[in-house]
Amino acid sequence: MTAVGDGLDRPSNNGVAPPQGRAGVKLVEVDGLTVSFGEGSGSVRAVEDVSLSVYEGDIYALVGESGCGKSTLAYSLLDIVPPPGRISAGDVRVRGQSLKSLPRKELRRLLGAEIAIVFQAAMNAFNPVITIGEQVEHILKAHPEVFPDRQEGRAYFEHLLELVSLPPERIWDSFESQLSGGMKQRVAIAVTLLLKPSVLVLDEPTTALDVLNQRLVIDILRDLHETLGITILFVTHDLAVVAELATRVAVMYAGRLVEAGTVREIFKSERRHPYVEALINAIPSILDRGLTVHPIGGQVPNLAELPVGCRFAPRCPHAQEICRRIEPPLLADDEDHLVACHVVNHQLEVPAR
Amino acid sequence: MTLLEVDQVTHRYDAGSPRPVLRNIELSVGADEVVALVGESGCGKTTLGKIVSGLVEPSNGTIRFEGADIASLRGKKRRSWRRSVQMVHQDPYSSLNPGLTIGTALGAGLLRHGLATRRTLDTELLAILRQVGLDATPDFLRRYPHQLSGGQRQRVAIARAISLQPELIVADEVTSMLDVSMRVAILDLLLKFRRERQLGFVFISHDFGVVRYFTQGGRILVMFYGVVVEQGPTEQVIGDPRHPYTYLLLKAIPVPDPDLAWERRDVEVAERLQGEPSLRGCIFSNRCPFAEERCRDHVPPLVDLGNGQQAACFFPDRVRSLDEPVTQGGPHDAPGVRTAADEDGDCATRSVRPGPASRHVQG
Amino acid sequence: MSRFLKDFWRIARSDRGAMVGGLIVAIYVVVAIIGPWVVHVSNVQNPADAYLGPSWHHLLGTDSFGNDILTQLIVGTRPIMEVGVFAAIMTVFVGVVIGLTSGYLGGWADSVLMRITDVFLTIPGLPLILVIAAVIRTSSPVILAAILSVTAWSGLARAVRSQALSLRSSDFVEAAQLQGMSLTNVVGRQLLPNVGPYVAINFLLAITGAIYAEVALFLLGIAPISGTNWGIMINLAVNQGALYTSKSMLYLFAPMAAIVILQVSFVFFTRILDSLFNPRLRVQ
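Chains as they are written, first to last, in our numbering: chain D, 1 to 353; chain Z, 354 to 716; chain F, 717 to 1000.
The reader is advised that the hints may include incorrect statements.
[As the list claims (entries may be wrong)] Here are the computed distance ranges between Cβ atoms for each label pair:
1) GLU379(Z) x ASP288(D): 27 to 37 angstroms
2) ARG472(Z) x LEU287(D): 27 to 37 angstroms
3) ASP593(Z) x ARG86(D): 25 to 35 angstroms
4) ASP288(D) x MET354(Z): 50 to 60 angstroms
5) SER43(D) x ARG472(Z): 45 to 55 angstroms
In case anyone wonders, no lab produced these hints; they're calculated from the structure. Backbone N, C-alpha and C define an ideal beta-carbon position, used for all residues, glycine too.
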């Protein structure tokens, strides 16, 4: 079931129907998505058969370590996967509209209105030779449909600056070199919100920031969620930020989704994927249990040479025979908590450690 | 025996700047002792690390290694010191020369200090690779840095540092650019060498959790814009901070537990920590919830609080324990209140947060 | 070494233009080395055979003295390339050493070296070369090469210096300092590989520049007219009135074509130098 070429024709999620149960407006739906790089037998799937849904009002965290495919997945929501990557199977639907089926222009319009992204190290995305205000003016000018009256646009931007805890009159006339990294990150968030997207995607918003700025970004995102009612999807490897900010979490490992659920389920549930458990136990922190940490042995598998069966099995302390032969499907419990693990889902007997 | 002494070091990037990067730093590290430097970016901990390792000469003050002023060392004594103090950098992607193979990068120092000859070099290198948990094969030595993962590169950087058999290692944010699951492995590696070789460490980090794990009984220095505001045994400082800055910083740290995160939530914390440090008096007086006149006029010295803990504050007992919210007890703790001494920092915090009445609804 | 060759082959195959360029350059080099042993230029003048068109006997025809043009081209390759390569070696060596050392050391050493460099940078190169060559009449290729590189190194020094400036604060340079490496090691082992592609490209371009300057010297009659090389051929062609008759076209253009083809081939070949000298691009 594992050695497949491009254009998968097996059903999504290994044949298991996606769970029902969550209510509200489904803003973004990822359905059996596979993103491949390369051709033919040499192709590598950075994202393989991932399905998840982001509902209005979620603060959704996409978690994993480098190379797990989380950033690629986030980019595919906006159809900006850098070539030679491409969506080779599955689909992304934004407000019910499939990205595959829309003509280019419609696609751009839909994505531009609904989803906006703040890239990693967005602080580096500013033009150094013009002021922040001038850059915002350019954006307003390019999108007259959002703010036909540019004064109104500026006023809204200044309001957003206040929401991200920055003094508006100072920022408008500043050059990017006059602002600190943390400030620029916040300005980037304000700029992204200017065109009133429904979903704000952030790629590693707190990485490369120190404690203070991390705290600011977390607080600001929470505030924006409460005040503007915006839905947030953020990509990160930092579980502490996830615990502080997220309402729902999806964990990826080597291109696959291994667990998805509420933030409390991810951290506290007994029914957890061994990788997630190991990851949480590998974080030194100031909490009481922060001293008894254990590294995860082994290494993340090379996407071009994946093991047969469960991708985490070589490093998993609970691995059984079946784990080394069949990839575990994502199965849900009553609360929509999805876990892809044979041992957890079938309560296989675990040998005493 | 004291391995390292930092004696009244003050450092300015250029002679004219009003605020020094480091101000009157005093520090001593014994053999087999771990001292951690903690603080936000800009607090001077990295600069202090570079001064301690001899890469930068301080504007004022002395660094003494095994009793000798390192600025005055020459010839053989200097070479010996150079071997004894090593550093591991933060960024594994820039600390290895991209144009050199791993073998060349590791071997250069060994040859230079006569720890290996051309003939014994390969064997030595393989032994070192084995010690840091990398493939001890000639093929690995021929690889270039870009062919290795971040974790592997950091191991090579550590191998390079310990290959000269140093006595003191300065570890500058060695885990912050690594994946979460890699961090403990690297810390364990360093701890292994610490045990086996009785190494002293100056451990620089902004992550209290990592510091706590690594120091394990060592000391921690909390720095704020070039000033040591608190120091003491790690568990002591983290469990019972006595300087308001330490307290706020600990409160601001995100913790990997959603329930605890919810309990600790306090919107004032981030605001309190923003803004320029004061040029007069206590460096934290601009943002301190307990600041009084005395704090703005006089620089508080580090006072002994017992148990080896010291805090540079006139009112170390005002700091509550971590269980209580920070906005109680001081006269200047109301949000948004401007006092005469408030400087307009690069980030004046106007907490103009729209209330429920002005809630925007997505159209 | 074998790994380098394997990588080289793989890179060359991916860029046809560069491969063709490299091949042509290689042919020139072979001709330069063995040419004079294989063919000889005769000093016998046969006015009756002057300006013959191309034929099997004379593939490129004859010159005004009735001597075969192709033979002269072949024999004339070595002097030109010799001087070009020597000049490039000197230019690059001086430029890189001064540039890297100056950029790395900073301070007064940097100021002094850069002031000197600036002087050489602003002196017009070709006129100076002409003057010096006119005064020091030499047929030694080494001295001629030295004259040609008298100002050429300065531009390279400036460019390499700015690269050294940005490299010197790198962590890996700090690491080398921590290991107690000497200045020569830092400049030669740490910094140099990082400017490798740039230096390699400039080396080839320096050869082309030197060849142009050299040919100019011969063309203008400033360098001594002895022996055979392309510059001399052009000089003789012009002096023998080749500009006034169309029969002598080949005599005039053959050496020019030889020069141009070589230069263009060099430039094409530089396209893969970046991949070749940058380990990140070369080794996969």
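Here is how each hint holds up against the structure:
1. GLU379(Z) x ASP288(D): 27 to 37 angstroms: 32 angstroms, holds
2. ARG472(Z) x LEU287(D): 27 to 37 angstroms: 52 angstroms, violated
3. ASP593(Z) x ARG86(D): 25 to 35 angstroms: For ASP593(Z) and ARG86(D) the Cβ distance comes to about 56 angstroms; the hint is violated.
4. ASP288(D) x MET354(Z): 50 to 60 angstroms: The hint (50 to 60 angstroms, Cβ to Cβ) is violated, given that ASP288(D) and MET354(Z) are roughly 35 angstroms apart.
5. SER43(D) x ARG472(Z): 45 to 55 angstroms: At roughly 46 angstroms between Cβ atoms, ARG472(Z) and SER43(D) fall inside 45 to 55 angstroms, so the hint holds.
Hints 2, 3 and 4, counting from the list given before, are not met by this structure.
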